[in-house]
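Colleague: Respectively, the protein sequence lines represent chains X and P. Residues in the first sequence are numbered from 6 upward in steps of one, following our numbering. Residues in the second sequence are numbered from 2 upward in steps of one, following our numbering.
Worth flagging that the hints you see were computed from the coordinates, not collected in a lab. Hints are supplied without guarantee of correctness; some may be wrong.
Claimed, not checked - Computed list of lysine-lysine pairs in BS3-like fashion (alpha-carbon distance at most 30 Å, straight line): (1) P:Lys264 x X:Lys49; (2) X:Lys49 x P:Lys331; (3) P:Lys331 x P:Lys279; (4) P:Lys103 x P:Lys331; (5) P:Lys388 x X:Lys49.
As the list claims (entries may be wrong) - Not everything, but these chain X residues come out facing chain P in the computed CB check (under 7 Å): (6) Glu56; (7) Phe62; (8) Glu66.
Just so you know, even glycine gets a beta-carbon here, dropped at the ideal spot from N, CA and C.
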Amino acid sequence: MAKTKQTGRARRKQDEAEALAPQARGASASAGPELEDLDAFIEKVLEEAGEEFLDEFRQIEGE
Amino acid sequence: MRPRIYGTETEYALHYRTGGESSETWDEEELARHFEEGASLIGEAAQEVVAPAAGEFLGNGGRFYLDRGGHPEYATPECSSVFDLVAHEQAGDRLMLEIARKAQARLRREGRPATLSVFKNNADFHGNSYGSHENYLVTPRASDRLETLIPFLATRQVFAGTGKVSVPGRSGDVAYQVSQRADFFGCVFNDRASGERGIIHTRKREVHQPGENRRLHIIVGDSNLSEAAMALKIGSTGLVLRVLEEGRIEGLPQLCSPVDALKMVSRDPGQRLEIQGKRAGRTALEIQSAYLERVQRTLGRGKLNGEETRVLEVWSRMLEGLSRVRFSPKAGILEDDPGDVRRQVDWVLKLWVLSRADAEGTGDGGCAGSARRRQIDLRYHDLDPRKSIFARCRELGLTDRVVEEADVQRARVDPPRNTRAWTRGVLIRDMVERKVEVRVATWDRLRLGGTGRGAECTPFFASCGRRAPPVDVKLDDPFDAEDPARRPEVREFIAAWEGGGSDV
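Generate the whole structure from the sequences, applying the supplied hints.
Modeller: Right under this line is the structure:
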């Protein structure tokens, strides 16, 4: 696992660019119908769950 | 070569939504009452699903029960093969899902506007954690030098972590962490499994046959969905234990601050960790490589069985693949994964999914800790394949499998062949068929007792009007996989029972 070695202004600019428009080469290197299926599946699951689900997902401490 | 026994315990997260007030505003007492109600539904549904069983113990040799905090828990039977264990852990996931569906069906039948979901993860976004525990049978010699394992255990999250979207303000300046559990540990050894948890849990370490076997209980791992990660987590730990048992563990890098290192690796696995007696630090991958090399040098090919050789090869390839993964912990995105490590490592696959969703989505998609990202994180771990992102990835062929689906189905029913789980499971199944009540108090004791008038009867058994003197069956030897019908005490009990001499 490696991080890109940059310093100062260049790194800040890079971080900002990543945060605003992540391009994730590793994530988009392959394409195909299965990836379209996965994207559609994720969008459907997120839509059905609703935002309140996150707040409601509260657990009691286990072991 | 001495065989090893492995087992895991998985605490699931229950989400019980009643349609009323949001649990976010509840105090601890209200939350506990709510979970009690959800857990009770699960408990009742389990009665219909888990037969044949003897109380909490199942015909496949495992155990299903409700643990602290209303978490349903599945403990696998004792397995002597890593790949058997992978099948059995997933059998527990299937069982849990089946029980949750049964409970949900009941809610629907009764017209109650409630839903019930189950997740295999280890943390919510409110600062609570629940466990994934591992058990290994080790020699007393290994048990006395467990501190030498700590650098390995603190860094194996690089392939065994399941990943977590950070909650803003709780995880420093990183948007994504490698491990779900790392933040919840306060010391190296402890006899408590909550509060200040220790990487190694020291309570209940004895098993029968003192002087021969000890139980090593590791509670620092995440609950894996990836079969490959599950196998590598258990298999590599088993290999390192072999080196320890052979007395060849000395000289490996020891961490100055193991608990800090655990958390540092989770936040940024590329950073250097302080090592005792060394000026230069080591990365998590360098520490893992040191352990891998020691295993290769100490055990070599001649001393390894086929399964261990397979684990060693996967471990070696994994560390090489991980060295080429590029990502930004701060932005929480995957930049490159040329070795397709995501096919085997949960935290990389989840990060890949998050990065895809950021690129595809709109709105707040790219913001660290956004609701969208946290939803994806949670849904990765949903056990229901209709909502589970991991299950969808597997269905689409985006992850590697290391066991056959048929092995998982078989593990749902059959105990492993080479340990005392076989005796336990077969005995439970056989006795349930004969309408004999079996009580299993512990992993190493069973009591066969006749169900009769005045006797307490579990819902699994119908009264059949017979009685026989109860008998205790001891399972002291963890490798005792004898056919239970060959045991004299069991034969005598069956003869008395079948003979009907004590009819009531």
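Colleague: Are the hints correct? Go through all of them and say.
Modeller: Hint-by-hint comparison with the structure:
{"no.": "1", "hint": "P:Lys264 x X:Lys49", "result": "34 Å, violated"}
{"no.": "2", "hint": "X:Lys49 x P:Lys331", "result": "28 Å, holds"}
{"no.": "3", "hint": "P:Lys331 x P:Lys279", "result": "28 Å, holds"}
{"no.": "4", "hint": "P:Lys103 x P:Lys331", "result": "42 Å, violated"}
{"no.": "5", "hint": "P:Lys388 x X:Lys49", "result": "9 Å, holds"}
{"no.": "6", "hint": "Glu56", "result": "5 Å, holds"}
{"no.": "7", "hint": "Phe62", "result": "6 Å, holds"}
{"no.": "8", "hint": "Glu66", "result": "5 Å, holds"}
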